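Participant: Position chain B against the provided structure of chain A, taking the given hints into account.
First to last, the protein sequences are chains A and B. Everything in the first sequence is counted per my numbering, starting at 1 for the first residue and increasing by one. Everything in the second sequence is counted per my numbering, starting at 1001 for the first residue and increasing by one.
It should be emphasised that the hints constitute simulated quantities derived from the structure, not laboratory data. A quick note: this is a predicted structure, and the numbers were derived from the prediction, not measured. Heads up, some of the hints might be wrong.
What the hints assert, rightly or not - Calculated lysine-lysine pairs in the DSS-like style (CA-CA distance at most 30 Å, straight line):
1. K2(A) / K306(A)
2. K1091(B) / K304(A)
3. K1091(B) / K103(A)
4. K310(A) / K2(A)
5. K1174(B) / K1192(B)
6. K1174(B) / K103(A)
7. K1192(B) / K1166(B)
8. K1091(B) / K303(A)
9. K1174(B) / K1091(B)
10. K303(A) / K2(A)
11. K306(A) / K1091(B)
Here are the chains, one letter per residue:
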Amino acid sequence: MKFWIICLALVLGSLGLSLSGINEYVFFAGFVILQFVVLATAWNILGGYAGYVNFGVPAFVAVGGYTAVVLFKSIQAPILVQILGGGILAGVLGLAVGLLTLKLRGIFFSIATVAVVFILETVVMNWRYVGGATGLQLTRPADLAFFDSYTRMLFFVMAVLAIGSVIIARYIQNSFLGRGLRAVRDSEEAAECSGVPTLRIKLIACVVSGALMGVAGAPMPMYLSYIEPTATFNLSYSISALAMPIIGGTSHWMGPVIGALLLGTLQQIVTVTVSNELNVLVVGLLLVFFVVAAPDGVLGLVKKWKQSSK
Amino acid sequence: MFSLELLFEAALFGVLLGCFYAAVSLGLSVAFGLLDVPYVAHPALLVMGSYATYLISSLGIDPLLSGLLLMPIFFLLGMGLYRFYYETFEKRGSDAGVRGLGFFFGIAFIIEVALILVFGVDQRTVRAGYIGSSLEIGDYRFPYRMLMAFAVALLLTLVLTIYFSKTFNGRAIKAVGQDESALRLMGANPVKIKQLAFGIATAVNALAGALLIIVGPVEPAMDRIYIGRTFCVVVLAGLGSMSGTLVAGLILGVVESVVLMTLGASWAPAVSFGLLLVMLGLRPQGLFGR
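Same shape as in the complex, but just chain A:
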């Protein structure tokens, strides 16, 4: 009950924030941080619960983004339809990658997801309709409902998506799916022997995780008024989406949220004040530090600290 009240409060809070008069930049940066909340939460459904590492986050993000572009360019679809379409296609991609590699050991799944990034990037590069290698300029529609600017509306949409994905992750964690996925992570053979339908639940997790990443990527073209393959398919998405849950803690739905908020904010600060290269370096260093020194992330540290202070 408490959880649902907090969710509702957050939705209303972000609505109030986006209607208030504060600086536009807050929404511009906030959008990116909230997008990482969705991506980290989505990554954690497969990576954290089941132990299958997805390196191909940008592929799913780009499927969302480019689906949105196609829908917008062809039928002028509104943003919600774009998001829905992006989510569905990214989910289908998740199913395809899952069917191909989830029977194999984890590392093959990881490598296959990297492969999907490069294959899709090459396809998009050669696809004229969506702008090919040079990209495509998009004109935002004037339709804003009652928001002052399009960025403010997108901020609110992304806030709702972030809260929605956390609700889904929490549901999965507490349902038979979450228990099954954890069993898969600890020992796939033992899980299979105990009657857990391992392949089926891995596929479900893969589809949900992929669809959420597509949903996170779909508003991107409208947010930037522009889409371009090199930036969209950048593997930096992968390292962030992987580092955030690991830094926050992978075993609980709160971990990716904490990681995304911490690291996302830090990234915004470093990118603005120093440079984007240093930003990736910071993420890499923090990731390596955490997997080596604090494998259970911030959540693990808090737990340890609570236990020792008792």
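Facilitator: For chain B alone, coordinates are given in the frame of chain A:
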């Protein structure tokens, strides 16, 4: 435009390219194929080897010789890296999959960004007598730099194949890949053997890095495309087979070269990744796997 002669030329160039791909994949074939370490930082270390070669050869030393000089340093680096990986992940056991992959992925990014911060994003090249000129036989031209890569790749594969089949340590490395606990029962220390193998894998990567910058200009983000090429070759070969690596490299080289010639350069990056996906779907144990 689509003539048999062009196709033949593409295939011929593909053979040279393929040997080069085999050379850059040999280290991964040992580390991932034999030892089962999720070594996704391999391509990043390869590019690092290229930049180290660039530094040494700017003193006026031949790039290939620079690569050879780097091998002992990379050997120690590889031993250290494995020791660290063993102590922090393999020894503790549980959940090594996610964290091990995250560790090497993080290392790859750190190397890439460090190279950008030190050298910038510009392409770097090296100079040597054999770079820039070609051997002409009839109508065909073979660039000497590719022939050099071809020769070194063949030699490396030969040396590694002999090492793994004839020497005590080499056989022990193969054994540790097959059954670690059995090796322990034979009185050998699997950790030491793996450490040695990882050192060899990384040392080979130093020489491969020298080849990479001999074959063409190098930039820091190049490791990303080589994730596809190296893993494609290793999976195609069937994990851990040295001669299989050579054949797999040749296949990739020829396919990539023919695609380059027929569809154009913009499709080339997808070839290795596409081939990799096809292999994973149809025959994940590789062409020569058990």
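Participant: The structure should be examined with respect to each hint, and the outcome stated for every one.
Facilitator: These are the hints, each one checked on the structure:
A hinted pair counts as satisfied when its Cα atoms are at most 30 Å apart, and K2(A) with K306(A) qualifies at roughly 22 Å. About 22 Å separates the Cα atoms of K1091(B) and K304(A), which keeps this hinted pair within 30 Å; it holds. Straight-line distance between C-alpha atoms of K1091(B) and K103(A) comes to about 26 Å, which keeps the hinted pair within the 30 Å bound. Note on K310(A) and K2(A): the hinted pairing holds, with a Cα-Cα distance of about 25 Å set against a maximum of 30 Å.
Restraint check for K1174(B) and K1192(B): the C-alpha separation of about 13 Å stays at or below 30 Å, so the hint holds. With a C-alpha separation of about 26 Å, the suggested pair K1174(B) and K103(A) falls inside the 30 Å cut-off, and the hint holds. The hinted pair formed by K1192(B) and K1166(B) meets the criterion: a straight-line CA distance of about 19 Å does not exceed 30 Å. Between K1091(B) and K303(A) the CA atoms are separated by roughly 24 Å; this keeps the pair inside 30 Å, and the hint holds.
For the hint pairing K1174(B) with K1091(B), the CA-to-CA distance comes to about 21 Å; that is within 30 Å, so the pair holds. Restraint check: the Cα-Cα separation between K303(A) and K2(A) comes to about 21 Å, which is no more than 30 Å; the hinted pair holds. At most 30 Å may separate the alpha-carbon atoms for a hinted pair to count; K306(A) and K1091(B) meet this at roughly 27 Å.
In this structure, every one of the numbered hints holds.
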